[in-house]
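Undergrad: Listed here are the chains, written in short residue letters.
Number of protein chains: 2
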Amino acid sequence: MEKRDRAKTDASSGGVGAGNGFDRRTLLRAGVFVAGIAGIGSGIAQAAESIGADAPDWMKTPGRSFSTYGMPSKWQEKVQRTIAALPGRPGTGTSRTPLHLLEGTITPNGLHFERHHNGVPDIDPSRHELVIHGLVKRPLAFSVETLMRYPMESQIHFVECSGNSGSFNQPQPQQTTAGGLNGLLSCSEWTGVRLATLLGEAELNREAKWVVAEGADAAAMSRSVPLEKCLDDAMIALFQNGEAIRPEQGYPMRLLLPGFEGNMNVKWLRRLKVMEQPVNARDETSHYTELMPNGKARQYMFLQGVKSAIIKPSFGMNMKGPGFYEISGLAWSGSGRISKVEVSTDGGKGWAPAALTAPVLSKALTRFRLAWQWDGRPSILMSRATDEKGAVQPTRSAWVSQYAPIQFYHFNGIQGWRIEADGTVKHVYV
Amino acid sequence: MEKRDRAKTDASSGGVGAGNGFDRRTLLRAGVFVAGIAGIGSGIAQAAESIGADAPDWMKTPGRSFSTYGMPSKWQEKVQRTIAALPGRPGTGTSRTPLHLLEGTITPNGLHFERHHNGVPDIDPSRHELVIHGLVKRPLAFSVETLMRYPMESQIHFVECSGNSGSFNQPQPQQTTAGGLNGLLSCSEWTGVRLATLLGEAELNREAKWVVAEGADAAAMSRSVPLEKCLDDAMIALFQNGEAIRPEQGYPMRLLLPGFEGNMNVKWLRRLKVMEQPVNARDETSHYTELMPNGKARQYMFLQGVKSAIIKPSFGMNMKGPGFYEISGLAWSGSGRISKVEVSTDGGKGWAPAALTAPVLSKALTRFRLAWQWDGRPSILMSRATDEKGAVQPTRSAWVSQYAPIQFYHFNGIQGWRIEADGTVKHVYV
Chain W
159 MEKRDRAKTD ASSGGVGAGN GFDRRTLLRA GVFVAGIAGI GSGIAQAAES
209 IGADAPDWMK TPGRSFSTYG MPSKWQEKVQ RTIAALPGRP GTGTSRTPLH
259 LLEGTITPNG LHFERHHNGV PDIDPSRHEL VIHGLVKRPL AFSVETLMRY
309 PMESQIHFVE CSGNSGSFNQ PQPQQTTAGG LNGLLSCSEW TGVRLATLLG
359 EAELNREAKW VVAEGADAAA MSRSVPLEKC LDDAMIALFQ NGEAIRPEQG
409 YPMRLLLPGF EGNMNVKWLR RLKVMEQPVN ARDETSHYTE LMPNGKARQY
459 MFLQGVKSAI IKPSFGMNMK GPGFYEISGL AWSGSGRISK VEVSTDGGKG
509 WAPAALTAPV LSKALTRFRL AWQWDGRPSI LMSRATDEKG AVQPTRSAWV
559 SQYAPIQFYH FNGIQGWRIE ADGTVKHVYV
Chain B
159 MEKRDRAKTD ASSGGVGAGN GFDRRTLLRA GVFVAGIAGI GSGIAQAAES
209 IGADAPDWMK TPGRSFSTYG MPSKWQEKVQ RTIAALPGRP GTGTSRTPLH
259 LLEGTITPNG LHFERHHNGV PDIDPSRHEL VIHGLVKRPL AFSVETLMRY
309 PMESQIHFVE CSGNSGSFNQ PQPQQTTAGG LNGLLSCSEW TGVRLATLLG
359 EAELNREAKW VVAEGADAAA MSRSVPLEKC LDDAMIALFQ NGEAIRPEQG
409 YPMRLLLPGF EGNMNVKWLR RLKVMEQPVN ARDETSHYTE LMPNGKARQY
459 MFLQGVKSAI IKPSFGMNMK GPGFYEISGL AWSGSGRISK VEVSTDGGKG
509 WAPAALTAPV LSKALTRFRL AWQWDGRPSI LMSRATDEKG AVQPTRSAWV
559 SQYAPIQFYH FNGIQGWRIE ADGTVKHVYV
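For the protein sequence lines, the chains are W and B, in the order given.
With my numbering applied, the first sequence has no gaps in its numbers, which climb one by one up to 588 at the end.
With my numbering applied, the second sequence has no gaps in its numbers, which climb one by one up to 588 at the end.
Just so you know, the hints here were simulated from the structure itself, not pulled from any lab data.
What you are looking at is a predicted structure, and each value in this text was computed from that prediction instead of being measured.
Among the clues, some could well be false.
As the list makes no split between identical chains, a pair holds if one copy fits it or if it spans any two.
Below, simulated SDA-like cross-link-like pairs (lysine to any residue); rule was C-alpha separation at most 25 Å, straight line [as the list claims (entries may be wrong)]: (1) Lys498 with Pro517; (2) Lys547 with Val518; (3) Lys367 with Ala455; (4) Lys232 with Arg307; (5) Lys507 with Ala562; (6) Lys498 with Ala516; (7) Lys478 with Pro283; (8) Lys218 with Asn438; (9) Lys367 with Asp391; (10) Lys218 with Leu244.
Isolated chain W (complex conformation):
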């Protein structure tokens, strides 16, 4: 009964571990909790003698019946997307994933963030076509039904708006939740057809270098994509977490460019025009450029940088006195896998490696976790991610110093939460 003995040992040896309040053994053995909560007075009751005598109402009468499509519990009604639409233009703006109310790495389809430029079109799939034309030998048009006959693949990938976390370039830290700051970020299992397959059928001309993707929304959202990416891991996605893509994610199909900024993953995808040059579409000149200190803007910056954010604890949560807490958050990189996440509880003086939840997938959200004994004194929590290419998340000030004051795309700096002695959590710049 080795496991039983281990369980006992783990529970009875609830000491505080390494410096910084991190538990040493939790650092070594990811996912195994060792510093008991029960002993430190955190609300666990000794079970009463008369267990079962006071059965709750819901054990006394039959529950409700089956449903053909389920919804979350009514007790979870506050777990919803937060909408920020442009005044007078209800289909233009964003809605954010409430990251601070979720767990794991997959985003439920109903809570995937939205960014629309002219609302969500209601497309009849039997009338929708994907056209591939331009510098190809055979311009082709694919119905949804035809695409469904192609070999498919599934990949778990994040999609992040390039404007996500953009408020970090404001002079003062915005006091809002982790989802409010970073919720233009979601992660799904996407299934569809590799774009290289379709381009192969159309047969590219020698001079082909770019592909312009256009959506079938009323904004005809358009972006230029390097051909190299289209022949790499780009996908025409038809399914999201098992079911057909949701309307707000591009039903019946979207372009998926793993690791590239969200808006390039054109939703309601309608046309792919193969070209020699990028098209300088409205959506890549009026938006989605990086404003530099000299007032000029850099165009065609696609890759989302290596990044992480602590989700628990974060603004809006309250610590309940000194004792055990798990610090957890999300890390991701447009360039591949996360190789390391370090956590600091003293504003960046000391760092400890967090455990990464397996499987750690390329261009997907990775959950990191670290056990922490809070001594009740003010502390500043930060996380710093490194990806497999060796890129390290920069400090906020290093990020800010590169850009004009009003640049807000592609923020990937280190974030900070200050835990006050009274247990409240504040957003701080460090």
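Since the structure of chain W is already known, use the hints to place chain B on it.
TA: Here is chain B on its own, set in the frame of chain W:
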């Protein structure tokens, strides 16, 4: 431009490959399509010259606005669970995941299969407690809020009802969809607290060998679980694909026993009583036993066997003439990872290895895929899975021969679809 050249080469060399109609290169390079569809007259149009001139309605007016919690497209309204409730007992029975209408490996939360014994309780999480008692030094009661303070872990695992595919023991093959046959099966990313952690805090007595799990539904569904499993990978799951577990999956918490039959993963988990013996609860004597040829029933058979099913094509789909088709399906094992899936198109005479979609995870659904050139003659498709322990999916007749005629739990035999010359698909026993 190496990739560009490869795309051209792939497309222009659309020959039929290895024997059995499988494409040789697809066998070698998973996920890369090589035998062009466009050339073989399957409904892909040459794109018109006047692309864009006939814009659809939805490009002419703004779409609808943002939503706080999204739903699938109205065009997908037929993608729903199929309910089979006991007459006069609306909360007792099952609803099935429509596997044949889904893709990838994750099941969307709204379509996770259901099996209830007395309906879905509507539990107020602030009034729910998990009690651990019996052969422990410290009986403990955990509120939802307290459990949320514990270290969590995330695991992608399938849950399968032990009655799934039970109709395969009927004398004649049931003519229904792949979901109708196998849809008591779903797969999610579950997040929660390792049960070993909580048992460690309660401190097990030496004589502890079993744990009886009880649900807070009106059936008080109860099952005995070997302690060994509780100290291994068992979890108190609080989240499912990112959000709080759905009511029909056990909100606010369920027991998750990866690889064990569905009903042991007790929903609305309320009590864990540590015992020396199993309890012989109603739900493990009246149900969930294996009926043997001698009329006796075997109890406490927990592990779901290695299994696979072809989902595409399957009953209800029609082949559109000879040409390219992708055969795809799902494989899984209660004992660990899938190591191999073989596919036959000639009723089991020849077999070819399918490509497995990465990451191949332990006790999770694995999608397999294989390119096939159908020559238009009647064919019988079958799939055979092998797991990392070396267990191989048995033939249907080998499975049937072990049991009494009315036994229907734990069916994991090989399944067959007959493709007729007219393209219809029939369920057959081989």
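Undergrad: Now tell me if each hint is right for this structure.
TA: Evaluation of the provided hints:
For a Cα distance limit of 25 Å, the shortest separation of Lys498 from Pro517 qualifies both inside one copy, at 13 Å, and across copies, at 20 Å. For the homomeric pair Lys547 and Val518, the shortest alpha-carbon distances inside one copy (14 Å) and between copies (24 Å) are both at most 25 Å. Proximity of Lys367 and Ala455 under a CA criterion of 25 Å is satisfied intra-copy only: 23 Å inside one chain copy versus 67 Å between copies. Within a single copy, Lys232 and Arg307 get their C-alpha atoms only as close as 39 Å, which misses the 25 Å cut-off; across copies the closest is 23 Å, which meets it.
Taking the shortest alpha-carbon separations for Lys507 and Ala562, neither the intra-copy value of 29 Å nor the inter-copy value of 68 Å comes in at or below 25 Å. Taking CA atoms no more than 25 Å apart as the test, Lys498 paired with Ala516 passes in both settings, with 13 Å inside one copy and 22 Å between copies. Taking the shortest alpha-carbon separations for Lys478 and Pro283, only the inter-copy value of 19 Å comes in at or below 25 Å, while the best intra-copy value is 51 Å. Taking the shortest alpha-carbon separations for Lys218 and Asn438, only the inter-copy value of 22 Å comes in at or below 25 Å, while the best intra-copy value is 65 Å.
In this assembly of identical chains, Lys367 and Asp391 lie within 25 Å of each other by CA distance solely inside one copy; the values are 16 Å within and 50 Å between copies. Within a single copy, Lys218 and Leu244 get their C-alpha atoms only as close as 49 Å, which misses the 25 Å cut-off; across copies the closest is 20 Å, which meets it.
Hint compliance for this structure: hint 5 alone is broken.
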